[in-house]
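*Asks:* Below are the chains, spelled out letter by letter.
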Amino acid sequence: MTHPIHRNPITAVESPAVGVTIDGLTKNFGTFRALKNVSFSVEPGEIFVLMGPSGSGKSVLLKHIVGLEAATAGRVLINGQDATAEHTLERIRIALVFQAGALFNSLSVYDNLALYPREHRFGDESTIRDKVMRALQILSLENSAQKFPSELSGGMRKRVAIARALVMEPQLMLYDEPTSELDPVMSATISEIIATLKDEYHVTTIVVSHDRELALGIADRVGILMGGELVFLGPPANLRQPADPRIADFFHPRIDLKNPRFKNLET
Amino acid sequence: MKQLTHFLEGFGSAVQLLFQSARFAGTLPRQRARFIDQCYLIGYTTLPIVAILCFFMGSVLALQSGYSMENFGAKQFIGSLVGLSFARELGPVIVAILVAGRVGSAITAELASMKVYQEVDALVTMNIPPARILVLPRLAAVLVMMPVLAIIGNLIGWFGGAVICKYVESIAIEPEAYFSALRRYMKFKDVGTGLMKAEIFGFVVVLICCSIGLNTRGGPREIGASVTKAVVVSLISILVLDYFVTKALM
Amino acid sequence: MNTAQQTARVGLFFLLGLALTWVTWETLSDGKLFKQTGYSLIAGFDNLKELKQGDEVRMAGVKIGSVERTRLAGRRAEAVLRIDPGVKIASDATATIVMAGLIGTNYIGLDLGSPGSPVLSDGAELRTKITPDINAIMTELGSLGQKLEGALGSITNTVSGDGKNPGLFQKLDRLVTDNSAKIDTTMTNLASATDKINKSEGTLGKLLNDSKLHDELVATVSEIRGAATDAKSFVADAQILVNQVKSGKGTLGALIFDETAGNDLKVVTRNLRDISEKIAKGEGTLGKLLTDDSLYLSAQSTLKKADRAIDGLGDSGPITAVGAAANVLF
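The listed protein sequences correspond, in order, to chains V, S and E. Quick note on numbering: the numbering used here labels position 90 of the first sequence as 90, and the sequence is numbered without any gaps. Quick note on numbering: the numbering used here labels position 85 of the second sequence as 85, and the sequence is numbered without any gaps. Quick note on numbering: the numbering used here labels position 35 of the third sequence as 35, and the sequence is numbered without any gaps.
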């Protein structure tokens with residue numbers, strides 16, 4: 001397998017794209033089984049969209065990829081290296097866009113973006129400034145550079161979080177619900193950014209979402225998690241006419257009060 | 001049994017945090033701005049409350065000892081009593097308690113909220129260890145600031161005693177007599193011991209508060225619980241450590 | 001607030017802490033850790049008592065240095081004194097260990113010496129004087145009291161009889177009673193009365209001429225006198241102590257709080273009181289017997305003085321004494 005070349009969106013430095021392999025991943029929180037023997041792989045330079053209802057274990061899976069959670073069983077390999085190993089994060093730049101942004105509330109937008117390059121000594125302050133302003137421009141945030149996260153709306157925070165991820169010049173980019181809280185115009189912009197990053201720079205991307213439009217629009221492949229199990233894995237085209245009734249229900253929910261699902265609501 | 005496990009877990013994670021931070025000690029010069037920031041918060045902004053409390057503790061100590069020592073005519077030794085007890089015991093303990101209450105709680109609240117709102121996770125994914133930029137500057141700052149706070153607290157406490165001795169009619173000891181009594185039975189070693197105690201207490205308090213803050217799990221409600229826990233554990237640690245440190249330094 | 005201002009504040013704050021620590025250090029250790037000033041003298045004693053390192057050296061009450069260290073040197077104890085520079089000490093100045101505090105604080109007191117004598121140089125040895133130990137004085141006084149008691153007892157026996165033999169006064173009494181009628185009725189016959197008295201010369205003469213008894217009596221009296229002198233000198237000493245306390249030398253502080261000394265003092269006081277009471281009871285007998293009335297009176301007044309002095313000590317109480325002592329101490 002040839003690895004497509006990843007080109008950095010800001011510095012245009014080229015490096016090999018990164019592949020992710022998830023192998024028999026199982027995670028228990030106490031007695032609750034969040035992930036049950038999940039296995040799939042994400043090819044280098046691919047956009048993989050992970051879908052599923054709330055509480056199906058999508059975010060937990062994402063945390064395993066960046067090494068924030070340790071697996072109960074199974075493993076996550078990034079370019080063949082264990083994600084929980086300490087040196088993995090040193091060798092491979094992985095950016096995670098958190099659902100709520102996870103911006104540093106004590107720092108201004110500018111400092112939020114500049115933290116990573118400063119801590120990793122990317123260059124002098126003017127080099128860092130150029131990078132940060134470039135990332136802010138991409139997300140139309142240049143007028144908010146001196147604001148603090150508490151002054152921003154939910155959508156703006158998300159854009160700052162994406163900008164912050166861009167400044168990291170990631171080889172692997174993970175999004176947790178990137179389009180929730182965003183208006184349709186901004187959602188479209190985000191979709192465009194994700195697609196551009198992939199097309200132009202070959203950033204391997206994993207998106208966790210339950211936005212069907214996004215998934216069907218940009219995904220190379222889609223995985224669907226339900227109750228901690230991977231119930232679907234394939235190209236988005238296969239989802240037009242899903243065979244599995246659970247998936248069909250997920251994509252085209254019908255409010256049927258006679259459905260056993262709603263039984264507990266009647267008292 | 002469960003409590004014991006919790007205690008050991010907490011203790012272990014604090015020690016682990018200490019070693020993690022120590023490993024990054026070399027990055028401190030680069031973190032000068034953060035260090036100064038923490039010094040400002042821990043030292044400078046804590047000074048007013050330290051000053052007020054130490055002044056009144058010194059006064060009350062002088063008043064109480066004046067009242068009780070009058071019975072056997074040892075009023076002249078109030079200076080020595082206030083001086084020694086402040087330098088050796090009260091000064092460091094009061095300053096440490098104030099640091100726990102004012103700085104420690106703020107540290108825990110800040111780190112717990114960072115943890116709950118995933119800022120700490122974000123740092124980890126950015127390959128910036130929280131121990132390096134969140135814990136190390138605070139530990140370094142408290143090490144530098146504690147002795148300063150403690151010596152100022154001591155002097156203000158002594159001064160508070162002197163004011164009471166002069167102006168309370170039933171005691172009526174001139175400041176010269178008070179301070180000469182204070183000097184007569186005290187060596188710098190007593191003050192030095194106190195400063196060392198303050199240093200140890202402050203360091204332990206900040207370490208505990210950082211550790212509890214970073215180990216917060218759950219939602220915003222847990223932030224409050226963590227702060228309470230951090231302050232309680234800090235206070236207990238100060239007083240328990242006080243005994244052992246005092247014995248060791250005697 | 002901008003960063004520069006914050007940095008400046010933190011810096012100043014830290015410097016303030018350093019400065020205060022340094023000032024405290026200087027004040028509490030007299031800067032000894034930095035420099036050794038002045039010169040040293042050696043004072044040898046049999047017993048340094050409670051003197052310890054860091055205690056003061058005072059000349060005529062003024063602090064002129066401190067005890068640098070204490071050590072044993074052969075059969076004596078030595079205190080090495082560090083004297084402030086510029087203080088000149090005459091070679092005949094005498095050092096004593098003085099108790100100054102309630103809790104066993106001592107200092108070395110130096111007198112001024114004589115003006116013309118040469119000045120001591122570094123490392124020289126000071127003249128020392130053993131200060132009277134108050135405990136020793138008390139013990140001596142106690143035994144003195146017992147001696148007095150014994151002597152007075154034997155006098156009483158001789159004079160009043162010891163039960164078997166009639167005493168001198170019974171005899172005299174009987175003599176006078178037996179002959180009272182005759183004396184009354186033969187007042188006119190003075191010559192014969194004189195004769196009769198002359199005849200009984202044997203009895204009275206026995207008393208008057210019994211040189212052994214007389215000598216014993218005289219010896220006892222002189223012993224009393226000696227004791228009284230001793231007592232007087234102690235009282236004078238005590239007076240000095242009291243004066244010192246009052247004038248603020250604070251010597252007596254320790255005495256007041258030293259329980260054994262206090263108890264000794266009480267015992268002595270009681271003994272002295274007993275003696276004086278006995279003397280008071282025997283006044284008629286002894287006073288009439290002893291032609292030397294003034295001796296008795298002087299003994300009694302001495303004892304009374306001692307009594308008063310000791311009462312005075314009791315009255316002066318800890319607070320005044322300590323107050324006075326502490327005034328000078330601090």
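Quick caveat, the hints were computed from the structure, so don't treat them as lab data. In this text the structure is predicted, and so the values were computed from the model without any measurement. Mixed in with the good hints, there may be bad ones.
Derived lysine-lysine pairs resembling DSS-like cross-links, with alpha carbons at most 30 angstroms apart [stated by the list, open to error]:
{"id": "1", "chain 1": "E", "residue 1": "K129", "chain 2": "S", "residue 2": "K189"}
{"id": "2", "chain 1": "S", "residue 1": "K189", "chain 2": "E", "residue 2": "K63"}
{"id": "3", "chain 1": "S", "residue 1": "K189", "chain 2": "E", "residue 2": "K52"}
{"id": "4", "chain 1": "S", "residue 1": "K187", "chain 2": "E", "residue 2": "K88"}
{"id": "5", "chain 1": "E", "residue 1": "K63", "chain 2": "E", "residue 2": "K171"}
{"id": "6", "chain 1": "E", "residue 1": "K63", "chain 2": "S", "residue 2": "K187"}
{"id": "7", "chain 1": "S", "residue 1": "K166", "chain 2": "E", "residue 2": "K49"}
*Asks:* Now tell me if each hint is right for this structure.
*Replies:* Cross-check of the supplied hints:
{"no.": "1", "hint": "K129(E) to K189(S)", "in the structure": "34 angstroms, violated"}
{"no.": "2", "hint": "K189(S) to K63(E)", "in the structure": "23 angstroms, holds"}
{"no.": "3", "hint": "K189(S) to K52(E)", "in the structure": "17 angstroms, holds"}
{"no.": "4", "hint": "K187(S) to K88(E)", "in the structure": "28 angstroms, holds"}
{"no.": "5", "hint": "K63(E) to K171(E)", "in the structure": "70 angstroms, violated"}
{"no.": "6", "hint": "K63(E) to K187(S)", "in the structure": "18 angstroms, holds"}
{"no.": "7", "hint": "K166(S) to K49(E)", "in the structure": "35 angstroms, violated"}
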